[in-house]
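**Q** Protein chains in written order, with my numbering: chain S, 1 to 248; chain Y, 1 to 323.
You may find that some hints are simply not true.
Calculated lysine to any residue pairs in the SDA-like style (CA-CA distance at most 25 Å, straight line) [as the list claims (entries may be wrong)]:
| hint | chain 1 | residue 1 | chain 2 | residue 2 |
| --- | --- | --- | --- | --- |
| 1 | Y | Lys147 | S | Glu229 |
| 2 | S | Lys119 | Y | Gln234 |
| 3 | S | Lys139 | Y | Gln221 |
| 4 | S | Lys77 | Y | Phe308 |
| 5 | S | Lys139 | Y | Asn321 |
| 6 | S | Lys33 | S | Leu241 |
| 7 | S | Lys77 | S | Gln61 |
Only part of the chain Y face toward chain S is listed, based on derived beta-carbon distances under 7 Å [said to hold, decoys possible]:
| hint | residue |
| --- | --- |
| 8 | Gly220 |
| 9 | Glu223 |
| 10 | Ala227 |
| 11 | Leu228 |
| 12 | Gly229 |
| 13 | Gln234 |
| 14 | Val239 |
| 15 | Pro242 |
| 16 | His316 |
| 17 | Gly318 |
| 18 | Phe320 |
No lab work stands behind these hints, which were simulated from the structure alone. By construction, the Cβ of each residue, glycine as well, lies at the ideal position given by its N, Cα and C atoms.
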Amino acid sequence: MPQPMNDEIKLSGVHKWYGQYHALDDINLDVAKKERIVICGPSGSGKSTLIRCINRLEAHQQGQIVVGGIELTDNEKNIEEVRREVGMVFQHFNLFPHLTIVENCVLAPVWVRKMGKAKATEIAMHFLERVRIADQANKYPGQLSGGQQQRVAIARALCMNPKIMLFDEPTSALDPEMVKEVLDTMVSLAEEGMTMICVTHEMGFARQVADRVIFMDQGRVVEEAAPAEFFDNPQHERSRLFLSQILH
Amino acid sequence: MLGRLILTYPATARRIGALFVLFLVAAGLYSLGISSAWIGKIFPSAVDWLKENKQFGRAISAIALALIVAFNWKLLQLLPRRQQIVAVWLELFALLMLFFYSFDLSLPFIAKKIGFMISQGVVTTLYISAISIAIATVIALAGAIAKLSKNGVIYGLATFYTSLFRGLPLLMQIYIIYLGLPQVGYVIGAVPAGILALSLCYGAYMTEIFRAGIESIHRGQTEGATALGLSPNQTMFLVILPQAMRVIVPPTGNQFIAMLKDSSLVSVVGVWEIMYLARTQGQTEFRHIEMLITASMIYWVLSIGLEFLQSRIEAHFGRFNAR
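So here's chain Y without its partners, still in its complex pose (with noise of 0.2 Å):
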């Protein structure tokens, strides 16, 4: 019945529909205990009434939230593709700055400390980075060609490394290189500590991810490559890798991210990168929040610059597809 009703009428049950959702956006606002402060911050003569009628204020306020949602949707539907997404990321980024304002920040405690934070800490936590995507790449590069052997010793070697290094924490493979490696008799400073606990462990992830690319080409190319008499290495490295490329792209950018974030975990042995300066920085002055928020922003920027590379990269190993 209802199937007929919107097979007649499909105007009327769009609008019905619409209203629905606005309905059930506004008891979900509603149940969730939305406040009705914003509206008495707005309106200033309505503070003693929406004092005096509680339940009713709050109804109010998640009406009003979803007539605003809804607005905004149908108003941003007007816009082409690309100021769709503009806009999208401008609004939810004004919101999360509006939440970090509602934490009554100082900031003039941040900028003092910015320079600081950018000067010493980012500098540290991109070289950590980079040296350690460097080598974590040649790593993977190595353990998935390994794994792919015919020979026992050598898969086996490949093997127990992915087993290990992706089986233990991270945070123990920091502790473990930077407290054991002295034991045997090798004193190592906390910044190679660093560095080699996030090759080895990001080279045991993506040795997966490359050994998977490598597996995705079709074996006719090794044969096509072999018949022409390439070597096994020419085979891999001009036939092989550059398509596999197009498979191990995506996680890798993955992978570059997380580590990114995982350099934090370095700031346990005492290195100044911005996870430490942001604990430390904030101690003086009670002012930790300032700082956490600071660091994870500066956090955020340096992904998306990453995510920015990736898709270039991505672009350059996909372009044979284009038609």
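If we strip away everything but chain S, and leave its shape as in the complex, we get (with noise of 0.2 Å):
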């Protein structure tokens, strides 16, 4: 099937049940080379679930989902191959404890990309620094704090060199002082044109830096719009409780 070049992501019908419960409905969703989307909406409304069928760490039971032109199905040399062009960002950081944090680094890129150690060390090095935690490289993950973790994590995803970045809720799990570091860490890789789709409640975020914005709730995208429009103007009823009780 002929996929539209500039579509890199394109979702049309998603559904995905847990038992019985409808956690995606009908996802129609096109994401365009360099877009920057930030979705919201509140906790069970399938945003997460969302973001995980794009690398499949989740399947979708129907509709069709195409990464960089390659559809998700149960072929595993798909799954590895979107896989290996999707870096992805957790709530929970979810480095590797028992490696340094230059070897969380390396990992991928030796084993996935039988790349040499040296070049990905040089590599994993370049990334450190421009997130500012290269002098940690030799230390462990359990050694640094919440924000410096999170920014190793985008270092790590980066290394791979990724032509799409989700993000999962970045900065929930961190102390409000170490939100600044990891959003300015993620502006600054919007800028230089990544496309990106982040599940986040940070709005300042949003608005700098998202070209659209999509609230989900109960599975469904209930509404999606420029920022600016999103935060000043929400059409939905839905959407402007939900602001009225994160904006308080």
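Put the two chains together into one complex; each comes in its own frame, and the hints tell you how they fit.
**A** Right, here's the structure in full:
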């Protein structure tokens, strides 16, 4: 099936159930190259499930998901190929505690991309430099603060040279004073033209970098708009209620 | 009232407490029926007096022992921690040796036999245990992964295996394998039968240990590795197992020590390992106790070796936890 070239990610009619629970209900979403999307919504609305379907951490049961021209099915080869191009940052960092910072970054390039260790280390140090944490390269994750760990997680994902970055509530587990350092890293990444999908409640971040805000509730996309429009003039009752709750 | 007394005169209360504990130890020793013979050995002049005053002698013996223990305790408190540990080990070891010495063992007989016990028995025990440990580890790893499998056939195989081999006494397993396999046309030697039984039995126990270890690692680790593109196998061996080892190693060390000693059961099919030699070598001169104690000591030394190994491996896999 031919895909339009500028659509990096295309979801059409995606459904997912956990047993009886309808987690994703007819999701249609096109993401263009270099587009930055923020997904928000109340907890249990399916926003995490949605981005976890994009790199097949969860399997959808109906509809079609195409990432970088490759359709996600049970085909293991396709899944592997998509995962190589899609980086993901988790709420709880998911760094490997038994490996040092630089070993965390080198692991996937060496074992998945079959890169030489010296080259992989060089690249790792480059990205650690970028997230301003290169001086901690030989420490273990447990020795760093939450904000530092999350920046390492971003660097680790970048080491695979992904075309798309997924962020699953990257600042929700952080102490307030560490949120900014992680957001700054994400802003600079956005400015360089990375295709990004972020599940976040950081509305300042959404206003600053998002091309589109998607509001989800009960597994559906309720509203989809440019950030200024969404924040200043939300169309749906549910969005207004949500915004009034998180903006106080 | 007692509480007030303790709060007002803490030093006195402590002294009274210590005396009370001393009294309890002495009373305990007395009621256990402690003998006063050791006083007679140290002071020969007191032998007659002890014979005439049996009860009194035993009471003195109990109090004296309690005092010695208390004095020893006080003395040990003066040492730094490391030396305390060494001192306790040395004292208890000396007591153990004294206990064995009281059996009136023939040291020349032990000296005559110990060379053969080591060159034949220890070597056999060690190589049977080492091979079994290696095979059991592989079985345990495979069994654990199978038990976590979504495939019903694989899960069924794994659960039947662990249930059967944990459920049958090891002795039976050895007999069944050694005597049963020839029935279906496969004649097996005593040593391979022993190794097979030990590996299968301990593999089943260790399957559970490995499964628990793997399950103790948070799901986020698998997700993190998967999102980076690592395959399920790479995730298991590069991310999950190295972390699970911290949970797996201590109980596995236990299993290895238990297996080392359970390898003595292989003696029933006539393998010349330590236990078999201990029973047969003593027979000729009716010196069973000598050989049994020697064998016990050999098992203990080997176990200490394994304990040491375990602590080294634990330190290796725990190093990332250092702050």
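**Q** Any of the earlier hints contradicted here, and which numbers?
**A** The structure conflicts with hints 1, 4, 6, 16 and 17, although it agrees with all the remaining ones.
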